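What follows is each chain in one-letter form.
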Amino acid sequence: MAVKTMIQTIRDTLEEEMRRDESIIVLGEDVGLAGGVFGATKGLQREFGELRVMDTPLAESVIVGAAIGASLNGLKPIPEIQFADFIHPAFDQIVSEAARFRYRSNGAWNVPMVIRVPWGGGIHGALYHSQSVEAFFAHVPGLKVVTPSDPYDAAGLLRSAIDDPDPVMYLEHKKAYRLVRGEVPDGERFTVPIGRAEVKRPGRDVSVFAYGLMLYYSLQAAEVLSSEGVEVEVVDVRTLQPLDRETILESVAKTGKALIVHEDNLTCGFGAEIAATLVSDGFDSLDAPVRRLCGLDVPAVPYASALEDSFLPDMQKITEEIRSLAAY
Amino acid sequence: MKVRTEKKEQLLDFYRQMMLIRRFEEKAAQLYTQAYIGGYCHLNVGEEATVVGALSALGPDDYVVSNYREHGHALTLGSDPGAVMAELLGKETGVSRGRGGSMHLFDPEHRLYGGYGIVGGQIPLAVGMAMAVQYRGQDRVVMCLFGEGATNIGAFHESLNMAKVYRLPVLFLCVNNQYAMGSTPNEASAVPEMVTKALAYDMPAEQVDGMDLLEVRDATLRNVEQIRETGEPRFLEAITYRFRGHSMADAGRYRTQEELRRWQERDPINTFVRYLEDEGVLTQELREQIDASVEEEVERATQFAMDSPAPDVADLYKYVYAEDGQQ
Ligand SMILES: Cc1ncc(C[n+]2csc(CCOP(=O)(O)OP(=O)(O)O)c2C)c(N)n1
Numbered sequence: 027m028a029v030k031t032m033i034q035t036i037r038d039t040l041e042e043e044m045r046r047d048e049s050i051i052v053l054g055e056d057v058g059l060a061g062g063v064f065g066a067t068k069g070l071q072r073e074f075g076e077l078r079v080m081d082t083p084l085a086e087s088v089i090v091g092a093a094i095g096a097s098l099n100g101l102k103p104i105p106e107i108q109f110a111d112f113i114h115p116a117f118d119q120i121v122s123e124a125a126r127f128r129y130r131s132n133g134a135w136n137v138p139m140v141i142r143v144p145w146g147g148g149i150h151g152a153l154y155h156s157q158s159v160e161a162f163f164a165h166v167p168g169l170k171v172v173t174p175s176d177p178y179d180a181a182g183l184l185r186s187a188i189d190d191p192d193p194v195m196y197l198e199h200k201k202a203y204r205l206v207r208g209e210v211p212d213g214e215r216f217t218v219p220i221g222r223a224e225v226k227r228p229g230r231d232v233s234v235f236a237y238g239l240m241l242y243y244s245l246q247a248a249e250v251l252s253s254e255g256v257e258v259e260v261v262d263v264r265t266l267q268p269l270d271r272e273t274i275l276e277s278v279a280k281t282g283k284a285l286i287v288h289e290d291n292l293t294c295g296f297g298a299e300i301a302a303t304l305v306s307d308g309f310d311s312l313d314a315p316v317r318r319l320c321g322l323d324v325p326a327v328p329y330a331s332a333l334e335d336s337f338l339p340d341m342q343k344i345t346e347e348i349r350s351l352a353a354y
Numbered sequence: 135m136k137v138r139t140e141k142k143e144q145l146l147d148f149y150r151q152m153m154l155i156r157r158f159e160e161k162a163a164q165l166y167t168q169a170y171i172g173g174y175c176h177l178n179v180g181e182e183a184t185v186v187g188a189l190s191a192l193g194p195d196d197y198v199v200s201n202y203r204e205h206g207h208a209l210t211l212g213s214d215p216g217a218v219m220a221e222l223l224g225k226e227t228g229v230s231r232g233r234g235g236s237m238h239l240f241d242p243e244h245r246l247y248g249g250y251g252i253v254g255g256q257i258p259l260a261v262g263m264a265m266a267v268q269y270r271g272q273d274r275v276v277m278c279l280f281g282e283g284a285t286n287i288g289a290f291h292e293s294l295n296m297a298k299v300y301r302l303p304v305l306f307l308c309v310n311n312q313y314a315m316g317s318t319p320n321e322a323s324a325v326p327e328m329v330t331k332a333l334a335y336d337m338p339a340e341q342v343d344g345m346d347l348l349e350v351r352d353a354t355l356r357n358v359e360q361i362r363e364t365g366e367p368r369f370l371e372a373i374t375y376r377f378r379g380h381s382m383a384d385a386g387r388y389r390t391q392e393e394l395r396r397w398q399e400r401d402p403i404n405t406f407v408r409y410l411e412d413e414g415v416l417t418q419e420l421r422e423q424i425d426a427s428v429e430e431e432v433e434r435a436t437q438f439a440m441d442s443p444a445p446d447v448a449d450l451y452k453y454v455y456a457e458d459g460q461q
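Quick note, the sequences are listed as chains P and H, same order.
Under our numbering, the letters of the first sequence match residues 27 to 354, in that order.
Under our numbering, the letters of the second sequence match residues 135 to 461, in that order.
The shape of chain P in the complex, shown without the other chains:
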């Protein structure tokens, strides 16, 4: 068992999967020689060659569009979008084409593709290098959206995404890349199922639902609160589409209180879907109003540290919010 960072795990898993399955190709900007700006594809071109690890022109629409086309003809493409903020030129290809293929062809054609997308703030990336895009895509039937928050899940979910016959958006929190470490079993092709949340820390007083970097902060907050006698149940939502409503409802049946944390803007953010689930199907379990702690409703993550820090939820804010909810 090795202790690894998120980014190392993603790289290693890609390498193992490419060794296992020759139909996998990787494509994107600077993913070859340079190994990607975060190093997720480091060394892959050397091992697998330029036909399987392609440095593309700067053109997101055709990076994804070509991946869709290749997947229709027997390949398993894993395009990389360098930063989530740059995905919008490809939005049309993802939403209008990839998501609809199975439906429009009555099941005859499918798009087995995994789009890797580094997302999230907290790195002073400012307006165009900090974005959360999960809600845009989780809104679209036909797509699957997953986002791991620790190395074990990073490997397991990536394998499941690769095995999946439908298009999967695999979102990687870029601040978590080197911040979050964890144990990853070697030599074993374990998977983590898409469509299943996981209780990462059991507790009886308050349920926290989070994913990505916020899950990591929520676990830290739970640790702090435990010493105050508040036992927090931390649920890693980790697959947004399809959403594991059952695990969410079970958790609140136990605790009666729910806090949802995400760094995307509050309004119409993914938390609204979790809140709606709790209110419509878990109403009888609730002992307090469902709360959301989210990124603020401003158009982009601002650059100045003070503004960025106020924009994003963090360990401190999560701790305070849980404390106040526990006291409700």
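The reader is advised that the hints may include incorrect statements.
Unchecked claim - Restraint-style ranges between C-beta atoms, simulated for each label pair:
no. : chain 1 : residue 1 : chain 2 : residue 2 : range
1   : H       : 164       : P       : 121       : 40 to 46 Å
2   : H       : 444       : P       : 76        : 42 to 48 Å
3   : P       : 95        : H       : 141       : 39 to 45 Å
4   : P       : 335       : H       : 458       : 25 to 31 Å
5   : P       : 306       : H       : 271       : 55 to 61 Å
To be verified - Away from chain P, derived, C-beta distances all over 12 Å, residues of chain H:
no. : residue
6   : 142
7   : 244
8   : 273
9   : 282
10  : 329
11  : 349
12  : 356
13  : 360
14  : 365
15  : 384
16  : 450
17  : 451
18  : 461
Source of the hints: derived by calculation from the structure; they are not laboratory data.
From a predicted model like this one, the values you see are computed outputs, not experimental measurements.
Backbone N, C-alpha and C fix where the C-beta goes; we use that ideal spot for every residue, glycine too.
Given the structure of chain P, go ahead and fit chain H with the ligand onto it with the hints provided.
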């Protein structure tokens, strides 16, 4: 060689402008390594002749939109170096009040309608600005700057096509610094010369030596004048080189030291200095004077940025929508 019409003072000012960019960028690099500047920071070092040559050829009412490599553009257009540096440090006194940072300078007072962090994002906007120029009968040219890498994205092609169809007064200025992060035009572009792409849209297009300030300036003057006369778009490709990595985070392992050295031999500032000396415009003494005043200006800008307050967190929701009565 062309008979120069610029006065001696103006030529010296070009030298000063280039030096200001060079020293400003070196300072920015230093502040980045010391963590006063965060995130992503792209420098104009090596491209000074292109920046000053092109922007100095614009008239006082012309607009500029650019990409994230735009510190030098702001400085040349007359933005206060202190306000630019303050933006890099995320201060309230910055040109974008600390919200944008290095990549997203915005200073309409000096006709800089933004640096943009999405590659290609600014190109359609330039077309629209020119549309309004045409509709309102203004005597204005819109200069749109972008790198050669940006010519591979759809927005570039959509924009050139529309600008030509509507015959809009845009000067598309492709700053071909040989690399889009780690990839060269040979690897990423079907045609090695970007002018070819403009010709496909039947747009007059030419290349210019981007390491030679006067060449860039003359070509820009000529093109801008033609645009004013005809109202039609034109395309200019400046062949240049960035001496630093793509951004401060890039070690530049995709190129050789030898290649970098060859380009550095053609350092645009040295080339211009030689010209000025040959013409008897610049003496050693004058040069030292200018250099010292530039150093001082950069120091002042840095001090101002350092001393400036951070934005007030209470203002986070400001500028999201129009406030009462605001347009
Ligand atoms: C739509 C989009 N895709 C990718 C990026 C990441 N990126 C930023 S700059 C850059 C290279 C651009 O090269 P070029 O246009 O030649 O300009 P240069 O940086 O060399 O001045 C890339 C790939 C981005 N900012 N936006």
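When the structure is checked against the list of hints, which entries are broken? Sort them ascending. 3, 9, 15, 16, 17
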